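Place chain B on chain A using the hints.
There are 2 protein chains.
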Amino acid sequence: MVRDLSKNRGLNLPDGVLHDDMRRAIDDPDVQIGVELIGGVPAAFELCSDLLRAGKHVVTANKALICERGPELFALAAECGRTIRFEAGVAGGVPIVAGLTESLAANRITGLRAILNGTSNFLLSRMADTGAGYAEALAEAQERGYAEADPSMDVDGTDAAQKLVILARLAFGAEIAFQDVSLGGIDGLDAEDLQFAKELGCAVKLLAVANRTKRGLELSVRPTLVRQTDAVGGIGGPMNVVAVRGDLVGEAWFAGPGAGREPTASAVLADLLAVAADRPPFHAATPAEPIRPVPVDDLVSRFYLRFRVTDRPHVFADLADILGSSGISLASIIQHAEPLAEENEDDADPPVVSVVVMTHRTAAGRLRAAAERWEKLESLRGEPVVMLVAD
Amino acid sequence: MVRDLSKNRGLNLPDGVLHDDMRRAIDDPDVQIGVELIGGVPAAFELCSDLLRAGKHVVTANKALICERGPELFALAAECGRTIRFEAGVAGGVPIVAGLTESLAANRITGLRAILNGTSNFLLSRMADTGAGYAEALAEAQERGYAEADPSMDVDGTDAAQKLVILARLAFGAEIAFQDVSLGGIDGLDAEDLQFAKELGCAVKLLAVANRTKRGLELSVRPTLVRQTDAVGGIGGPMNVVAVRGDLVGEAWFAGPGAGREPTASAVLADLLAVAADRPPFHAATPAEPIRPVPVDDLVSRFYLRFRVTDRPHVFADLADILGSSGISLASIIQHAEPLAEENEDDADPPVVSVVVMTHRTAAGRLRAAAERWEKLESLRGEPVVMLVAD
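Here the protein sequences line up with chains A and B, keeping their order.
First residue of the first sequence: 1, per the UniProt record's numbering; consecutive thereafter.
First residue of the second sequence: 1, per the UniProt record's numbering; consecutive thereafter.
Treat each hint with caution, since some may be false.
To be verified - Per label pair, the in silico range of CB-to-CB distance: (1) R227/B - R144/A: 53 to 61 angstroms; (2) R302/A - G10/B: 35 to 43 angstroms; (3) R302/A - R227/B: 31 to 39 angstroms; (4) D4/A - A276/B: 44 to 52 angstroms; (5) G131/B - L200/A: 36 to 44 angstroms.
Unchecked claim - Keeping only pairs whose Cα atoms sit at most 25 angstroms apart, straight-line, the calculated SDA-like set for lysine to any residue is: (6) K198/A - T229/B; (7) K7/A - L37/A; (8) K198/B - L200/A; (9) K7/B - A265/B; (10) K214/B - E262/A; (11) K7/B - K198/B; (12) K214/B - V389/B; (13) K7/A - L200/A; (14) K198/B - R227/A; (15) K198/A - E199/B; (16) K198/B - G236/A; (17) K198/B - E140/B.
These are calculated hints, taken from the structure and not from any lab test.
Values in this document were obtained by computation on a predicted structure and should not be read as measured data.
Note that CB positions come from ideal geometry on N, CA and C, so glycine has one too.
With the rest of the complex left out, here is chain A (with noise of 0.2 angstroms):
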């Protein structure tokens, strides 16, 4: 079933193989196993339960309907006796789903780090590699077919929390929403972020991480300095990592491209040739004791905080007042850049500088009550930039 059966798919099909009727394949008897690959929500969860209701098998890619309406499918594939894959759902080609639900069935996961959007790793190497800022990385990752028109999903980080959501759901058998997973993009970040990570001796991963707190299960996507001395910090380009921690494994990692044509065909012809074997998937148990994410407030981290602000006296010592008295502790503030010549061109004006704050590990909660104060600082200029910084 296709949408449009006038466009050139480059294959020859013996006449009628090819047809637009979304029942066809549901009141067919003889199909056994329903593919859907048309993407979006409800046309999918539609097509896709009408499937199961019919005593068909189905194999999936669609992340967004698995991280949406993934255990309304579940209970209702159940209920028909019937499987439901979607290994091509979660980055590409990664084997993750059959990684954490069948060889890493015996642990118990205390935690996963991973980079799930490849877009986003693409335009962060490039950074590092040659010094560019956002916006010039992402023209040439356009041109090179390594981002889209509207990259938006990629770089605000929707699209690796998507991912994480269904991971973290296999990995720890807990009830996860898209809003527990505190959530920060790559498309603040500057040049200068980059450098300054690397004189620290770190790479910025956009690095989606679920880990198992005895405060429930802390989940976030946000740009991340993740040490040079970490192989994970080493994995650039468009290639995807899902790094798990088990108590029998230790860690244990998967890696592979996470988008494309050919690597999404691998899994999902995967899928369908475990269908096809009769392997029932390992679905996630009920824990004995559930585990609930914590409230994104209560995330806690290291942070990096990178301020642009007009030098006039005082500054520091408001930014250093305003995080103290909200409770944040610091480990280092400090004056990074050189003033920008583009922004000074008016010799009357203070130079803006930027400001880089380092903290010691603190709630999310207080960094979003101290941005409440910082907001009014008149010496502020533009967003300021949010890294966590990984242990």
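What follows is chain B alone, placed relative to chain A:
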């Protein structure tokens, strides 16, 4: 079943659960799955064969068994309609058997490169990081429990080659024996080899490689210069990694701890769960065009050669002549290290120096022929170091 009933295993088990009667599990009709963890080949082969013939499924962590007698066991399992799984037999906690045979089942595998021995990888990481020589790094690794008292099978490549044989059978559906692997160890390396690699922007890894070529399957386990920009070069310490190249997926990676009690348990339990869930393993189908290993002399690569020679006139010329007349084309020849002080105490002797040669792509057989000639050189001191250079 255990060998020694009196050994304290730190477990409280009801009486009668532990016993030392090999036949009991085989003859018990209630036993459905046998897990073989006794090690060694002949006794394990007999046990697994008897279990299969008695209608039990088998899970084993025995690498040597699968390398040496796997094909016989798989044939017997098929005959008996039973399953044999061995995830723990290859790279411990790295879920590569499931990865190759299930997640990547839709791919035509074109090659794989892997780090399959944690001891060697730890030693090479330490030598690179600290400048220590082989003996010094080994002593430290033994002290810290990363190397056995007798590490020969780890450092001479045997262990990694056994794993490569198993992986390459799965990946290429080919008949492969241990002797088909071009084999070299890390025990001849010295600090200066790692230093020289670093100057070239490379890391040294004991790399296990299988490559589909027009001439057949190239198989090697040898110390190899890997570019530092290649993320495989960043995998250090006891971690193992298998990077698989497939026509659809591009390159997918599986990584984790290659050995250890818990990672092995993780893999054995995953196999047990898979058998219990009745997931039939995929077995490598006989490919339409069977591929055969190329003779080890036909392995084609760039090579790094390091000779220790007394610094006499003509020694460069002698070496260059031997290599040239053996048909080996040189990319560069460098007198690398300073004269080694300790070998030059007697002022009458000419100093001993290291000469490093980088070749263009050449067949290993030519190198073997040249070796027969350079071994006769009067100025040669000790065995030359031979490494591959990854493309």
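Right, here's what the structure says about each hint:
1. Separated by about 22 angstroms at the C-beta atoms, R227/B and R144/A break the suggested range of 53 to 61 angstroms.
2. A hinted range of 35 to 43 angstroms holds for the C-beta pair R302/A and G10/B, which are about 38 angstroms apart.
3. Against the hinted window of 31 to 39 angstroms, the Cβ-Cβ separation of R302/A and R227/B comes to about 32 angstroms, which satisfies the hint.
4. Take D4/A and A276/B: their Cβ atoms lie about 46 angstroms apart, and the range 44 to 52 angstroms holds.
5. Between G131/B and L200/A the C-beta distance comes to about 25 angstroms, which lies outside the given range of 36 to 44 angstroms.
6. Between K198/A and T229/B, the direct Cα distance comes to roughly 16 angstroms. Compliance with the 25 angstroms bound is thereby established for this hinted pair.
7. Note on K7/A and L37/A: the hinted pairing holds, with a Cα-Cα distance of about 16 angstroms set against a maximum of 25 angstroms.
8. Between K198/B and L200/A the alpha-carbon distance is near 22 angstroms, which keeps this suggested pair within the 25 angstroms criterion.
9. In summary, the hint linking K7/B to A265/B is supported, as the alpha carbons are separated by about 19 angstroms, within the 25 angstroms threshold.
10. A C-alpha spacing of about 23 angstroms is found between K214/B and E262/A, which places the hinted pair at or below 25 angstroms, so the restraint holds.
11. For the given pair, K7/B sits about 48 angstroms from K198/B by alpha-carbon distance, which is inconsistent with the 25 angstroms threshold.
12. For the suggested pair K214/B and V389/B, the alpha carbons sit about 20 angstroms apart, so the restraint of at most 25 angstroms is met.
13. Between the alpha carbons of K7/A and L200/A the distance comes to roughly 52 angstroms, so the proposed pair goes past 25 angstroms and is violated.
14. This hinted pair checks out: K198/B and R227/A have alpha carbons roughly 20 angstroms apart, not beyond 25 angstroms.
15. As the CA atoms of K198/A and E199/B are separated by approximately 21 angstroms, the hinted pair is consistent with the 25 angstroms bound.
16. About 21 angstroms separates the Cα atoms of K198/B and G236/A, which keeps this hinted pair within 25 angstroms; it holds.
17. Straight-line distance between C-alpha atoms of K198/B and E140/B comes to about 22 angstroms, which keeps the hinted pair within the 25 angstroms bound.
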